[in-house]
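Each chain, letter by letter, is given below.
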Amino acid sequence: MVLSDAPNGASFQVKKVNIEKEIGKRLADMGFTEGAQGAVVRRSFFHGPLQVRILGYDILIRRFEASGIEVEPVGDWSAAEDAHRFLGGQTAKQAKKMAHDAFGGKL
Amino acid sequence: MRNNTIRIALAGNPNSGKTTLFNALTGAHHKVGNYPGVTVEKREGSVIHNGKTFHFIDLPGIYSLTAYSMDEVVARDFILDEKPDLIVDVLDSTNLQRHLYLCLQMQELGIPVIGALNMTDEADENGIRINEKQLSASLGLPFVKITAHKSRGINDLLSQIEETASNSDGHSYRHNRNLLYKVSYGEEIENRLVIIEKLIKEGGASVDNSDSIAEAARWLSVKLLEKDKNAEARLSKLRNFEEIKAAAATAISWIQMHFGKDAEIVISEQRYGYIRGAVKESLSTIPKVDFSLTEKTDKVIMNRFLALPIFVAVLYLIFQLTFTIGAYPQGWLETFFGFLSGVINTYMPESLFRSLLVDGIIAGAGGVLSFVPLIVLLFFFLSILEDIGYMSRASFATDRFLHTFGLHGQSIFPMMLGFGCSVPAIMASRTLKSQRDRILTVLITPMMSCGAKLPIHILFAAAFFPGNAANMVMLIYACGIVISLISALILKKTALKGDPTPFVMELPPYRAPTAQGVLWHVWEKTWHYISRAGTIILASAVLIWIITNFPVYSMQDSETEAVTAAFQKENPNAGDAEIAAHLETLQADAVLEHSVAGTIGHVIEPVFRPLGFNWKMAVATVTGFAAKEIVVSTLGILYRVGMEEDEESESLHEALQNDPSMTPLTGFVFMLFMLLIPPCFAALATIKAELGWKWLGFEFVFLLCTGWISGCVVYQIGKLFAGL
Numbered sequence: 000m001v002l003s004d005a006p007n008g009a010s011f012q013v014k015k016v017n018i019e020k021e022i023g024k025r026l027a028d029m030g031f032t033e034g035a036q037g038a039v040v041r042r043s044f045f046h047g048p049l050q051v052r053i054l055g056y057d058i059l060i061r062r063f064e065a066s067g068i069e070v071e072p073v074g075d076w077s078a079a080e081d082a083h084r085f086l087g088g089q090t091a092k093q094a095k096k097m098a099h100d101a102f103g104g105k106l
Numbered sequence: 000m001r002n003n004t005i006r007i008a009l010a011g012n013p014n015s016g017k018t019t020l021f022n023a024l025t026g027a028h029h030k031v032g033n034y035p036g037v038t039v040e041k042r043e044g045s046v047i048h049n050g051k052t053f054h055f056i057d058l059p060g061i062y063s064l065t066a067y068s069m070d071e072v073v074a075r076d077f078i079l080d081e082k083p084d085l086i087v088d089v090l091d092s093t094n095l096q097r098h099l100y101l102c103l104q105m106q107e108l109g110i111p112v113i114g115a116l117n118m119t120d121e122a123d124e125n126g127i128r129i130n131e132k133q134l135s136a137s138l139g140l141p142f143v144k145i146t147a148h149k150s151r152g153i154n155d156l157l158s159q160i161e162e163t164a165s166n167s168d169g170h171s172y173r174h175n176r177n178l179l180y181k182v183s184y185g186e187e188i189e190n191r192l193v194i195i196e197k198l199i200k201e202g203g204a205s206v207d208n209s210d211s212i213a214e215a216a217r218w219l220s221v222k223l224l225e226k227d228k229n230a231e232a233r234l235s236k237l238r239n240f241e242e243i244k245a246a247a248a249t250a251i252s253w254i255q256m257h258f259g260k261d262a263e264i265v266i267s268e269q270r271y272g273y274i275r276g277a278v279k280e281s282l283s284t285i286p287k288v289d290f291s292l293t294e295k296t297d298k299v300i301m302n303r304f305l306a307l308p309i310f311v312a313v314l315y316l317i318f319q320l321t322f323t324i325g326a327y328p329q330g331w332l333e334t335f336f337g338f339l340s341g342v343i344n345t346y347m348p349e350s351l352f353r354s355l356l357v358d359g360i361i362a363g364a365g366g367v368l369s370f371v372p373l374i375v376l377l378f379f380f381l382s383i384l385e386d387i388g389y390m391s392r393a394s395f396a397t398d399r400f401l402h403t404f405g406l407h408g409q410s411i412f413p414m415m416l417g418f419g420c421s422v423p424a425i426m427a428s429r430t431l432k433s434q435r436d437r438i439l440t441v442l443i444t445p446m447m448s449c450g451a452k453l454p455i456h457i458l459f460a461a462a463f464f465p466g467n468a469a470n471m472v473m474l475i476y477a478c479g480i481v482i483s484l485i486s487a488l489i490l491k492k493t494a495l496k497g498d499p500t501p502f503v504m505e506l507p508p509y510r511a512p513t514a515q516g517v518l519w520h521v522w523e524k525t526w527h528y529i530s531r532a533g534t535i536i537l538a539s540a541v542l543i544w545i546i547t548n549f550p551v552y553s554m555q556d557s558e559t560e561a562v563t564a565a566f567q568k569e570n571p572n573a574g575d576a577e578i579a580a581h582l583e584t585l586q587a588d589a590v591l592e593h594s595v596a597g598t599i600g601h602v603i604e605p606v607f608r609p610l611g612f613n614w615k616m617a618v619a620t621v622t623g624f625a626a627k628e629i630v631v632s633t634l635g636i637l638y639r640v641g642m643e644e645d646e647e648s649e650s651l652h653e654a655l656q657n658d659p660s661m662t663p664l665t666g667f668v669f670m671l672f673m674l675l676i677p678p679c680f681a682a683l684a685t686i687k688a689e690l691g692w693k694w695l696g697f698e699f700v701f702l703l704c705t706g707w708i709s710g711c712v713v714y715q716i717g718k719l720f721a722g723l
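Chains as they are written, first to last, in numbering that gives the first Met the number 0: chain P, 0 to 106; chain X, 0 to 723.
Accuracy of the hints is not assured; some may be wrong.
Stated by the list, open to error - No more than 35 Å apart at the CA atoms, straight line, and that leaves these computed lysine-lysine pairs for DSBU-like:
hint: 1; chain 1: X; residue 1: 491; chain 2: P; residue 2: 15
hint: 2; chain 1: X; residue 1: 228; chain 2: P; residue 2: 14
hint: 3; chain 1: X; residue 1: 295; chain 2: P; residue 2: 15
hint: 4; chain 1: P; residue 1: 14; chain 2: X; residue 2: 298
hint: 5; chain 1: X; residue 1: 41; chain 2: X; residue 2: 51
hint: 6; chain 1: P; residue 1: 15; chain 2: X; residue 2: 260
hint: 7; chain 1: X; residue 1: 260; chain 2: P; residue 2: 14
Said to hold, decoys possible - Some chain P residues close to chain X (C-beta under 7 Å, calculated; not the full set):
hint: 8; residue: 21
hint: 9; residue: 43
hint: 10; residue: 44
hint: 11; residue: 45
hint: 12; residue: 48
hint: 13; residue: 56
hint: 14; residue: 57
hint: 15; residue: 59
hint: 16; residue: 61
Worth flagging that the hints you see were computed from the coordinates, not collected in a lab. For glycine and all other residues, C-beta sits at the position ideal for the given N, C-alpha and C.
In isolation and in its complexed conformation, chain P is listed as follows (with noise of 0.2 Å):
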């Protein structure tokens, strides 16, 4: 799981920062680090920046950034708000149900 994944107020735990040399240390040096919890505060429209909420201050970063964050969900995903609803794509838990469905039960 990705952070760029995660829907809007979304609870996540860093697990890695998988981006190469310099954006990688910088996403580190802003408290990206393993073990870090955060939250998704708002994404914006069309697959714009999100706001993250870590350490207890809020960042803006770009979809790309934030798609190089692994990360694990804290509490359950499918619950937060989801930000796709309005852009006519699915919400978390409609995309949950039909990757099920696609995979069988094996996820």
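Given chain P, put chain X in place with the hints provided.
Okay, now just chain X, sitting in the frame of chain P:
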């Protein structure tokens, strides 16, 4: 300490209130410059405390001491090379963990550090209790509680500086450095750091700057493990550099094997781990962290549907306020300079010197100062927005779109302001933190059609597209936006290649701006403009005066009689005044045509032929560098319709329409060309002040090419469809 002056570097994260503290400390006694070679602002100021002079240098706001951004390189180079006597690191008490991250890196640099725990009032309100004694004890550096925006705790801080400076006087501190606490990266990493540190000290003993190498040995060792290229370069002169490198490489591979991730990430994690431990004992949070106001406001401001409309509204409001209110003082200044010119014209006999004074120097100084009201107003509003914390929220809304073109969310401010005037717009690019984003934004800002180009558009649109004038002007504006975005895309792939700047920025909670902070900001920007750009603008005004007036030419008496007779024949009822006005226009035309500018116009005319321009348009292009408004009055003179031409004037319309070499196509191409070619000298001087000569040269050539090529393509294609 040198003599009685203590040099203190002020460091801290962005949004830590560092600049507010700097202002509170130094009051009016500071000056603003740039760090050598870069456009990172450098503020310096002094205060006298108990007979000692404390000289503060405000370092750029940074998150870490990597070589990641220019700000960080500037900060660390300053500390390592200029060696301040001590560092005051400003920390946001409401956000202690992350701010300590920088503070502890500062501590490793081998210079005494004092932690200024800022925003104590806010922390209190939020139920955050910090035991600064406990914190000092566990981290090994003194902490002082302050609230910079209320000027609280400033004296405590000054006393602490005095105390620390006297303890660390001369070498005693430096030799006892090992007694200082420092971050522990865990026993196994520490063992390896000790080896590298020892090697660095050994090798460093034989070089010139052995002191600074020895002092920063610990920091350099850590940086080597973080694979920091700059730190490596610093050590490359050491005789045992290869040995050091080998030791570092061994340590790095050991860490990577042992921890299963990159060494630089491990170092960050260990540092945060250490901070967590230290903070646990000295920080208590009554769970009342109150984001409520920020939260509630953000729900609206950053709402995914409202963010963009709100942003557009804010922008529109700023634009309107700046350029509508600004028009009044601008008008007063114009009246004043007009009055001044009038007085001189009345009381001084006509001479070349009078002309230089009135048309060169006073016009130039007027040109410089007429931008000041706009700059003052614009930066008044922008610094309020920035202090409140709106700037980063605006990027949230716009970044997605602009990022496609290699721009940053905040690039939108300079771009939009460019529709008013390029000078303040280019200066507004300073709100962008990354140098690459800043350069790119500055380079495309002149393509936003500024207010001074509007008269040109109106004149040509009305003359050649009488039924569609407004639509044509709109089209030109749209062309500017589209071409600027395409240019950004091209520049991103060519001249400004390189890794895209990652968008990882802090979103600070809303804070009330302080009057002092805003006023300082406005003053700094205004002074910066007058001192940096003003001189160049004044010089170019004089230059333009010279090339439009030299070599001196006046009509022969016989010529005058001939044209007078011809005029009287055509207009039998003309009075003396009309004849005089006609003669004056002819004289001005003759002067301009025989001047250097006129010659340049004639000489470069062939270059403009593929665009369908005649020599008059070429001359107007040259004079337009003084100010784009002048293009219209130059054409007025050259088409002999009178000196006081403006875009409303019917006769210039007719003269342009009746010129057989002009067609609607050339009219449109001229508008497009004027939109895209390099801006006036004032804007060029501002680009020089912001980016330096190299980028100015690049921009000049780039815009000239863009303008010429676009004009040429449109003209040649248009000609194929003969109907145009």
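Practice item. Verify the proposed pairing of residue 228 (chain X) with residue 14 (chain P), using a straight-line Cα cut of 35 Å. Key: The given pair, whose Cα atoms are some 27 Å apart, holds under the 35 Å limit.
* **Restraint check, 7 Å cut-off on beta carbons, for residue 45 (chain P) near chain X** => Check passed: Cβ of residue 45 (chain P) comes within 5 Å of chain X, closer than 7 Å.
*Pairwise hint evaluation, residue 51 (chain X) against residue 41 (chain X), where the allowed Cα distance is 35 Å at most*: holds, 23 Å
### Task
Grab the minimum C-beta distance from residue 56 (chain P) to chain X and call the hint holds if it beats 7 Å, violated otherwise.
Cβ of residue 56 (chain P) sits 5 Å from chain X, so the hint holds.
Given the hint that residue 491 (chain X) pairs with residue 15 (chain P), does the C-alpha gap stay at or below 35 Å?
holds, 30 Å
- Query: Regarding the hint that residue 43 (chain P) lies at the interface with chain X, is the smallest CB-CB distance below 7 Å?
  - Reply: holds, 5 Å
CA of residue 260 (chain X) to CA of residue 14 (chain P), is that 35 Å or under?
-> Within the cut-off at roughly 11 Å; holds.
Quick one, is the residue 57 (chain P) hint okay against chain X at 7 Å, beta carbons? holds, 4 Å
Q. Are residue 295 (chain X) and residue 15 (chain P) close enough, with their CA atoms no more than 35 Å apart?
A. holds, 32 Å
Given residue 21 (chain P) as an interface hint, is its Cβ closer than 7 Å to any Cβ of chain X? Status holds, d = 5 Å.
Item to check | Hint status (Cβ of residue 59 (chain P) to nearest Cβ of chain X, threshold 7 Å) | outcome: holds, 5 Å
Go through the hint on residue 61 (chain P) and say holds or violated, using the shortest Cβ distance to chain X against 7 Å. Residue 61 (chain P) check passes; min Cβ-Cβ to chain X is 4 Å, inside 7 Å.
Checked against the numbered hints above, the structure violates none of them.
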